[in-house]
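Based on the provided sequences and hints, a complete structural model is requested.
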Amino acid sequence: MSFTIAPRIYCINPTLVSRQGWPALLDHCANLGFDHVMLANTLNLGQHGASEDGPELEQLTAACAERGLRLLLDIVLDRVTPEDPLIATCPHWFDSKSLSDDSLSADGLPLRMEDSAVQHGVSALWRRRLQALLDAGVAGFVCSVPAAVPVALWQTLMAATRDYCSSVNFLAWTPGAATPQLDPLAGAGFDAVFCPGAWWDYQATRYVREQDNLSGDATIIAFPETPFGPRLAGQLSLTDVPSRRRASLRALRFAAASGNGILVPMGFEFGLTVPLDTALTPVQYDSLCREAEIGLCDEIQQANRFIVDIGRYFLGAPVALLHSPGGGLALLQRSTRAGLGGPRSARLSLLIVVNQDLYQPWQGDVEDIFSHVDGYLGHADLSDWNQGRPEAQALPQGPLLFEAAEIKLWLARAVPSDAGNGDSRQAA
162 MSFTIAPRIY CINPTLVSRQ GWPALLDHCA NLGFDHVMLA NTLNLGQHGA
212 SEDGPELEQL TAACAERGLR LLLDIVLDRV TPEDPLIATC PHWFDSKSLS
262 DDSLSADGLP LRMEDSAVQH GVSALWRRRL QALLDAGVAG FVCSVPAAVP
312 VALWQTLMAA TRDYCSSVNF LAWTPGAATP QLDPLAGAGF DAVFCPGAWW
362 DYQATRYVRE QDNLSGDATI IAFPETPFGP RLAGQLSLTD VPSRRRASLR
412 ALRFAAASGN GILVPMGFEF GLTVPLDTAL TPVQYDSLCR EAEIGLCDEI
462 QQANRFIVDI GRYFLGAPVA LLHSPGGGLA LLQRSTRAGL GGPRSARLSL
512 LIVVNQDLYQ PWQGDVEDIF SHVDGYLGHA DLSDWNQGRP EAQALPQGPL
562 LFEAAEIKLW LARAVPSDAG NGDSRQAA
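Throughout, our numbering is defined as the position within the sequence shown, counted from one, plus 161.
Keep in mind that the hints are not guaranteed to be accurate.
[Said to hold, decoys possible] Pairwise CB distance ranges, derived in the manner of DEER restraints: (1) Q521 x A309: 41 to 49 Å; (2) A249 x P175: 21 to 29 Å; (3) R180 x S277: 36 to 44 Å; (4) G390 x A321: 27 to 35 Å; (5) L562 x D362: 17 to 25 Å; (6) G395 x A320: 36 to 44 Å; (7) D296 x G390: 28 to 36 Å; (8) D362 x P246: 38 to 46 Å; (9) P560 x A320: 52 to 60 Å; (10) T176 x S532: 47 to 55 Å; (11) Q292 x G348: 23 to 31 Å.
Note that these hints are calculated values from the structure, not bench results.
C-beta: ideal position from N, C-alpha, C; glycine also.
Shown next, in the form of structure tokens:
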């Protein structure tokens with residue numbers, strides 16, 4: 162795996178933070194249990210802010226390091242803003258129509274990435290820029306719209322940058338890309354990719370298929386809410402506080418249980434409904450947080466502890482969607498590739514059971530759930546999200562109740578190959 166520990170990333174829009182507000186925000190990130198912070202939409206090709214902002218960036222990376230945080234920057238290679246000086250210095254890198262078409266200004270001006278000369282120039286320019294950022298203490302880069310950049314360019318750029326700093330990480334922002342676009346990226350060499358579980362309805366098989374499409378050596382990071390688009394409440398058209406809280410908590414816990422790391426956008430912990438990229442002043446953003454009707458800080462701490470204490474055993478383990486027992490529940494399973502006690506020990510499995518309904522509880526017999534999990538005998542209930550690996554408990558008897566949008570988790574061990582037909586309900 163590219164990451165030996167599942168990364169826990171807090172995504173920040175730096176325009177919402179005042180200069181004086183950074184220490185408190187970084188303390189907040191560390192207290193929530195994150196080990197990375199990501200600054201979104203901070204760089205664009207050809208900008209020469211490195212020398213001007215270098216001292217400030219170095220102060221920020223130093224402040225992060227003091228709190229055990231690694232700094233990631235969002236980078237965009239395939240386009241620039243209309244004000245970018247590169248347009249004047251290298252106009253031949255752009256299509257002439259793009260330079261005169263005002264309608265493209267909102268999304269930036271695309272480069273002629275199909276031109277090998279442009280690719281060479283882009284690679285050289287970004288190689289210098291990334292090295293300067295690494296010198297300032299940046300730990301890695303989240304690469305936006307990676308499918309818009311030729312794979313060979315990514316491979317060349319990442320290889321040169323890793324030669325300069327072997328500990329650098331490259332993460333590809335893959336949500337929204339079609340399967341034909343993702344296939345070439347599988348061998349590009351990214352350390353991590355992102356899987357859009359925040360958009361899953363807990364019914365269709367699409368989420369698992371997309372994880373399969375992203376399979377390979379890259380770590381798959383989940384997120385409960387996208388940092389680039391509508392908040393979860395807007396996506397689900399939720400207006401009342403109770404349903405917004407249930408949906409947020411379900412999305413958070415599902416991301417922690419199903420991913421190999423997590424990314425949480427700034428403001429998610431307060432249930433904010435305005436998108437992260439909304440034009441607000443730091444004072445306005447702080448006011449929204451103070452007036453928020455939802456608080457998920459404790460739950461985020463729990464989710465991050467779960468990733469460290471339990472999720473680490475499943476780093477790289479794929480997610481399988483099992484048959485739902487009569488509808489109403491989504492049952493997923495993740496299994497380690499080998500036993501944790503040695504090659505002859507039983508594999509460990511994480512069972513994720515989700516009530517698909519945001520408003521209604523589900524009640525049924527526990528055997529209706531676990532009859533779909535073949536070959537597993539020991540179960541340890543993790544549904545309280547307590548810290549550390551809990552002692553194994555016997556499988557509950559009789560009816561089992563799931564509150565609206567509730568997630569329950571169980572650990573299970575596979576039946577050893579030489580085991581007889583003993584009681585399949587023993588504790589692990």
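Please flag the earlier hints that this structure goes against, numbers listed from lowest up. none
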